[in-house]
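**Q** Now for the letters of each chain:
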Amino acid sequence: MLTQSKAMDEENIASIILKELSRLADGHLRFMEVCGTHTVSIFRSGIRSLLPEGIELISGPGCPVCVTPVGEIDRAIAMAQLRDVTLLTFGDLMRVPGSSLSLYEARAMGRDIRVITSPLDAVEIATREPGRRIIFFAVGFEATSPAIAAAVKEAMRKRLGNLYLLSSQRLIPPAIKALLSSKKVKIDGFILPGHVSVIIGKTPYSFIAHEFCLTGVITGFEATDILEGIYMLLCQKKEGRSEIEIQYRRAVKEAGNRLAMEVMKEVFEPVSARWRGLGLIPESGLKLRGGFKEMDASEAFDIPYKDKEDPPGCLCGEILQGLKSPPDCPLFDKRCTQQNPVGPCMVSSEGTCAAYHRYGVYHEGKRGKDTSRSRGRGKIDSRPYTRTISALP
Amino acid sequence: MCLGIPGKVVSIKGDFAEVDFGGVRTKVSLLLSPDVSEGDYVLVHVGFAIQRLGQQEAIETLRLFKEIDRGYVDSIEGNG
Amino acid sequence: MTHDLIHALFLPFLKNKLLCALDDSAVIPTGKGSRLAFTTDSYVVKPLFFPGGDIGRLSICGTVNDLAMAGARPLGLSASFILEEGFSAGKLERVLSSMKEAAMEAGVMVAAADTKVVEHGAAEGLFITTSGIGVISEGVDISGSRAMAGDAVIINGPIGDHEIGVLVARGDLSLEGKIKSDCAPLNGLVQAMLDTCGNIHVLRDPTRGGLATVLWEIANASKAGVIIDDQKVKVRQEIKGVCDLLGFDPYYLANEGKLVAFVPQEEAETVLEAMKANPLGREAGIIGAVVDENPGKVLLKTRIGGYRLLEPLSGEQFPRIC
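Residue numbers (my numbering), protein chains in the order written: chain A, 1 to 393; chain B, 1 to 80; chain C, 1 to 322.
The hints are simulated quantities; they were obtained by calculation from the structure and are not laboratory data.
Quantities reported herein were computed from a predicted structural model and do not represent experimental measurements.
We put the CB at the ideal spot given by N, CA and C, even for glycine.
Treat the hints with caution; some may be incorrect.
What the hints assert, rightly or not - Simulated coverage check for chain C against chain B, where a stretch passes if three residues somewhere in it have a Cβ under 8 angstroms from a Cβ of chain B:
1) 166-179
2) 243-249
To be verified - Not the full set, but computed from the structure, chain C residues with beta-carbon under 10 angstroms of chain B:
3) K232
4) V233
5) R236
6) Q237
7) F318
Claimed, not checked - Estimated spans, in silico, between C-beta atoms of each pair:
8) K178/C - R249/A: 32 to 38 angstroms
9) G54/B - T203/A: 19 to 25 angstroms
10) H28/A - S42/C: 53 to 59 angstroms
11) D302/A - A122/C: 32 to 38 angstroms
12) R249/A - K15/C: 55 to 61 angstroms
Next comes chain A alone, as it looks inside the complex (with noise of 0.2 angstroms):
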């Protein structure tokens, strides 16, 4: 539990951090975080009101959810609607909209799909159920590959023969280097994945460095965490370095997990994959190899991928680009909200548009619209808030 001397430790750190942020904070620096969870992490300590003004945070497109194209959820629920299937995923695809369903959605009509925490009870399910085809579609970056490969091992060992892995698996320093090769995006540096690092280490973000003259952080996903990683991201600004140096040291080894990296390779290749709003990016999904084609579901059932357009006017494309920010899409909090969401960012708990539109922006009292290019950063006016907090016995 909680002691009142503990939380005024992570506030004072904060604090510390904050005042150096202010201090070195000069001109406008624009840093992206590629990590959906760096995204609720941010959104959930509130750290957008505390950074000074010359520091925007942008959202990448590291949000597995925000990624994953429409045409995969329709497949994928395609696939569950067919006899004796059962549909396993993780939990943070269920309210993604797909063109007429969410997984969810299709739940509720009666398809058998079901949540699952880890890759392993995809393996546990199917050997409990041998007379159900059941389908793992399995989304998640690098962190989470290496758990989804050893599953797969352990399904063909015990030749288990109704276990289907859909892959929607991606990497995530391809897509960073397809955004900067892009060049259409303006950003000083990044704020890379603490999970995904713990599994690949430091040197796959080396490009961002050497050819893009980029700054990469890998940080934790703690509050102090987040504030340190910004920190070391503006020191090497102001001193004029390039580098990808490691916030996370107490989890994050330079070489990385090696073990997990190999289990990853034995089962799975890199092949193109799709990303919503950054479209066809080579080598940066995963398929399981020739040995394993046996489980893989896009061959085993005669369902391919269609593509699917956005629903017009939505510009998550963009957004998760960092080429756009929620107030300049037309749909966003008119058609486009928590509740009725349209685009996946909205969807999300850890898209931009959802974190934007829980956070709000505040002037005054009266809930105002972002009308300028300056991205998800309102301010809110917290004088009377602290005098409140501070009175509260």
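Given chain A, work out where chains B and C should sit, using these hints.
**A** Structure of chains B and C alone, referenced to chain A:
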């Protein structure tokens, strides 16, 4: 992406460990982190230990998480 | 979704002054100065049995609590049972025994009951509906729309226990721990609070949708701004562990033995003392206040001193991996 929190390995049986997170326990696969012993702290994501944390690192993390009270920290550091 | 369902479908047909207040109980004037509170609720929880309670206990406590949130003293309940054919007699006995125990704790009678048996598979075992009637003393005026600037926001303990307790019992999460539902009848606690302070403005139990949702509902009904200090909101260590593991936000988890009270600032300390003297209020504390700014919005001051909006729960919270 990716929720991962540190927990303490309470027991090991084959490829699995029983890991404790502030009083809640779950079975965690050690297939991606085999060099783990009882008493170690591990970072867990989707039911797998993806990294062994050194004790100092774990304490640092747990302090950040505020999961444990002063007495427990002292006992780990040999002050209890 | 339930919120939309109510507004889009039910209200157009059923609306009337009593229903439209959308408080936990309807308050019916009897024409003689006193008022009755009347409420109904259905219980469909799965699994039927979980640490800290079961569907029976829930069906008594839930309805007693809805009456208590109107400031009413519960007089009696009715209970209707829909049973699947072949439902185990042993399980039914356990449920009924729980109901008896909960009713005794609350000091209330189940005055009427009904049973229906449906075909196998039609009721997922057992559904229970309870309705309740209570009496509100003169001078007590409690409603979701009465929050006023300057009020203190009080809660009687940590959040999240019930929903996580049920989820763990469901077995889907492969978790073990000392987690149990906080399911309890709150009418005794409420009476102790009313005995100390005749001017409590709002009482609400944060059930489905959690603390964030009820605070938002109250902020909107009262057209008031609410500010909550995250450091003052308690979450048990085990619950926090599960939330961190699975990506749940404790502010959106259901509770069945918790209430939030909005009381005038000058009465807050006395009410708090009265709460702490009651077994269900030992961990009570002030968690926030009502302000003039940003009416209809609930703001949370985070642990590092930042701010974020607490919006109501939209849809179900699923465990996340990312």
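**Q** So, for every hint listed, does it hold in this structure?
**A** Hints, verified against the model:
| no. | hint | verdict |
| --- | --- | --- |
| 1 | 166-179 | holds (count 7) |
| 2 | 243-249 | holds (count 4) |
| 3 | K232 | violated, 14 angstroms |
| 4 | V233 | violated, 14 angstroms |
| 5 | R236 | holds, 8 angstroms |
| 6 | Q237 | holds, 4 angstroms |
| 7 | F318 | violated, 12 angstroms |
| 8 | K178/C - R249/A: 32 to 38 angstroms | holds, 33 angstroms |
| 9 | G54/B - T203/A: 19 to 25 angstroms | holds, 22 angstroms |
| 10 | H28/A - S42/C: 53 to 59 angstroms | holds, 55 angstroms |
| 11 | D302/A - A122/C: 32 to 38 angstroms | holds, 36 angstroms |
| 12 | R249/A - K15/C: 55 to 61 angstroms | holds, 60 angstroms |
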